[in-house]
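2 protein chains.
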Amino acid sequence: MRSLLIDLDGVLYEDDKVIPGAAEVVAWLADAGIPFLFVTNTTSRPRHALVDKLKELGIPVEEDLILTPPIAASRWIVTHVPGPAALFVSAATKTDLAVPELDETAMEGAGSVVIGDLGEGWSYGRLNRAFRLLMAEPPPVLVALGMTRYWRASDGLRLDVAPFVKALEYASGRTAVVLGKPSLEFFLTAREMLGSGAAETVMVGDDIVSDVGGAQRAGMQGVLVQTGKFRRQDLDGDIRPDAVLGSIAELPGWWKSTAAASAERQS
Amino acid sequence: MRSLLIDLDGVLYEDDKVIPGAAEVVAWLADAGIPFLFVTNTTSRPRHALVDKLKELGIPVEEDLILTPPIAASRWIVTHVPGPAALFVSAATKTDLAVPELDETAMEGAGSVVIGDLGEGWSYGRLNRAFRLLMAEPPPVLVALGMTRYWRASDGLRLDVAPFVKALEYASGRTAVVLGKPSLEFFLTAREMLGSGAAETVMVGDDIVSDVGGAQRAGMQGVLVQTGKFRRQDLDGDIRPDAVLGSIAELPGWWKSTAAASAERQS
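Same order as they appear, the protein sequences are chains A and B.
If you count by the numbering used here, then the first sequence holds residues 1 to 267, one letter each, in order.
If you count by the numbering used here, then the second sequence holds residues 1001 to 1267, one letter each, in order.
Just chain A, with the same shape it has in the complex:
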């Protein structure tokens, strides 16, 4: 039984336009009873807003089928780290962080220090509080909601979560656990939710590094679609996708043909 992980942005839609055939593919997945999960690094809006967006695009899905960094971090923290979490995240992200939270003024006692894209919410005092919490004994775990370096706003580039994680890593001498593609922990969390083995799981995405490379390093297959951020040069690098599809619309055909080939090898 094979399972699927599917990226959202650039795979199901580009900006606010659905990729032709995407809705039909998602309906096919449900009909065929194929276990699947949407995996995205988006933290700018809570999961219910992603559900709303997909619905508007004609793709009705349950919230439980979407894995974002805060959802993955919640699972990871609850499983691995005792004690309350100190949250340095936006209000939208906080909605999806189902973890016991440390008091906002406490300067010690954190089991984990969770860093997201706080944007204008960052100040010296706030970053320094995260640092002091990290330096307390016993040392809490530093958790990063992805490692995106920056994003392009209408008025220019804006620092995302990663630079602040790097600042805290360097200051504290600690290494962050990253819950976002392409980190191993993120893909492991996705597989746990699906209940599927690595070799039986296929990741479909438009990012050769985050989606395809990350999946392959986690022992899964990585399939690249030529929509979204795909560029011709992506195929000239070191990362070799297990398949390259024109778009998500070609997924059912590829799925059936590889299933047939696999059945033939086994017979």
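Since the hints were made in silico from the structure, they are not lab data.
Even glycine gets a Cβ: it sits at the ideal position worked out from N, Cα and C.
Relax, there's no trap hidden among the hints.
What the simulated footprint calls covered on chain A by chain B, stretch by stretch (three residues with Cβ under 8 Å from a Cβ of chain B suffice, anywhere in the stretch; the number is not a length): (1) 111-123; (2) 152-162.
Sample of chain B residues facing chain A (criterion: CB under 7 Å; computed from the structure): (3) Glu1120; (4) Tyr1124; (5) Asn1128; (6) Phe1131; (7) Arg1132; (8) Met1135; (9) Arg1149; (10) Gly1156; (11) Leu1157; (12) Leu1159; (13) Lys1166; (14) Ala1167; (15) Tyr1170; (16) Ala1171.
Use these hints to put chain B onto chain A, whose structure you have.
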């Protein structure tokens, strides 16, 4: 002709107390006509304030004899980088940065982006402005006034310059030129000011990594004093000082004995 580089904090004084014999050693250096320079990573006060402090401790010195990160950065920038410098530094540090400055609101056109310990002066907007300047074309040089990770204030630990440099390095994919011990550029600048060859220059400090290790990697001798931040364990690591002195007070004796030994070898 041998020359000397001497650290200030922990070598000439500890907090506000002069190390016994330090004033006499500095007087001896001047009398003996030995070229020397004080080299410090301090950026919390301008150079003239360091002169005042030394004077109070009974050690009169000229400003020109003190090399700090902003002084070194000024020399390095003027020599290596055309165009104005965008300054992200404290008011105290700005006093010592003798470089053409970019307008504080400009979002491009920087020849260099200079990062110091801004402390509470850091905000998301300010760090993001440094980032956008770095991403402009042609790309400016990222200059760091040392790589101190944090310092201990009366109310607890406080992030220093390095975490912000690391954030900008990671976001921009650029590597900073560091003008502060133990960077090679800093020691080269010191030697240029002294006009001395590496093999003829001796660094005296209390920091096994910044002072002794940095000097040795720059091809100079590194002498460790057992005052200031010195700890017994410093002698158990990979860095081997060329000499270990109880304090700066023992410098003239060591200097004369090594000079005599050197003269003997040459005769």
